[in-house]
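Residue strings, one per chain:
Protein chains: 2
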Amino acid sequence: MHRDSEFDPQDFLPYLLNQAAETLSLEFQRHYRGQYGMLRTEWRVLFHLGCYGEMTAKDICVRARLHKTKVSRAVAALQTRRFLTRRELERDRRHAVLQLTALGQKVFADLSRAAHAFDLKARAAMTPDEAEILHRCLIRIAGFETAQRTG
Amino acid sequence: MHRDSEFDPQDFLPYLLNQAAETLSLEFQRHYRGQYGMLRTEWRVLFHLGCYGEMTAKDICVRARLHKTKVSRAVAALQTRRFLTRRELERDRRHAVLQLTALGQKVFADLSRAAHAFDLKARAAMTPDEAEILHRCLIRIAGFETAQRTG
DNA sequence: GCTTGTTAGTTACATTCACAACCAATAGTT
DNA sequence: AACTATTGGTTGTGAATGTAACTAACAAGC
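If you read the protein sequences in the order shown, they are chains A and B.
At position 77 of the first sequence the residue is numbered 77 (the working numbering), and the sequence of numbers has no breaks.
At position 113 of the second sequence the residue is numbered 113 (the working numbering), and the sequence of numbers has no breaks.
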């Protein structure tokens, strides 16, 4: 029935990673999408602003590895919802520093809590050793090694 | 400068998984996209047909966890490129069994080889133990545990 | 036969995305 | 000052996606 199996899709790392990522992402979606009607990119931008404090759109592009158009649109959406404000710099009016409003911070706090709980639940399916190795491998694959942490 | 760090995006499993998956997927894209102008979904459909032999669109939906509309469109695209043929069943004309053409099989063989090499290269960045644990964890997260293997 | 329900697959439409072109502000060169 | 390059960010357009509505084939009950 089937060809000599060169190898199984499940053994192909990009495929397996995508399935795993999709599974968790779809599950967590219900928090930011269901509760706040946010898109994935918007949640990411909010998440980064909440975690790292105020920064420019460009900073978010680099940190979150998002294309500037996606960030631009996500920021616009978050702004109309009063989740963040933009403040232009006088020394260089091309930059606009983004900052969560009180409302945005409340939403971030809520989602951050949910995210943390979600993370713990996910890790509960493995031993601490496994969780640590998984984390290490993913960091390496994503290329987060030395970069990112320094900001 | 930044808020009390509840936790870092890099510690949030869905995010980290997505970044890792995106990194590898984008890298491998150049094979099926660069060489054959295929889309991700098309590559997946081809991959599944090549690995498991002829099957219906529905089967692919279940195995590859793709929505039927995506499969429908991918199949149409692969068909116009003469990568596969569809054969209706007389006993139930709703079903159409899909099957790679000789050309499709050649493309599959090529991409399959590339995929295997890619996979080896990716795993070379870890120890065998790490690779095995990573695989195990991802299978578990993706929910491939008992399902999928049985066909 | 005729209705109702289910399943395999396609089509239509509205949203989202990728990519390129664009604009405005700054920096560098002459 | 004028000319070009670069950078931060936005906008416009076609391609890709998600969701729902749809068609066609079968199945079951009457």
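Honestly, the hints are just simulated from the structure, not real lab data.
Check the hints yourself; a few may be wrong.
[Stated by the list, open to error] Which residues of chain B face chain A? A partial, calculated answer using Cβ under 8 Å: (1) S25; (2) F28; (3) R30; (4) C51; (5) V97; (6) A115; (7) A142.
Where a beta carbon is used, it is the ideal one built from N, C-alpha and C, also for glycine.
So, going through the hints one by one against the coordinates:
A distance limit of 8 Å between C-beta atoms decides the matter here; for S25 (chain B) the minimum to chain A is near 5 Å, and the interface restraint holds. Satisfaction of the interface hint for F28 (chain B) is found here, the shortest Cβ-Cβ separation to chain A being roughly 5 Å, below the 8 Å cut-off. At about 12 Å, the closest approach between the beta carbon of R30 (chain B) and any beta carbon in chain A exceeds 8 Å, and the interface hint on this residue is violated. Taking 8 Å as the C-beta cut-off, the interface hint given for C51 (chain B) holds, the closest approach to chain A being about 6 Å.
A distance limit of 8 Å between C-beta atoms decides the matter here; for V97 (chain B) the minimum to chain A is near 11 Å, and the interface restraint is violated. A distance limit of 8 Å between C-beta atoms decides the matter here; for A115 (chain B) the minimum to chain A is near 5 Å, and the interface restraint holds. Interface hint status for A142 (chain B): upheld, as the beta-carbon distance to the closest one in chain A is roughly 4 Å, under 8 Å.
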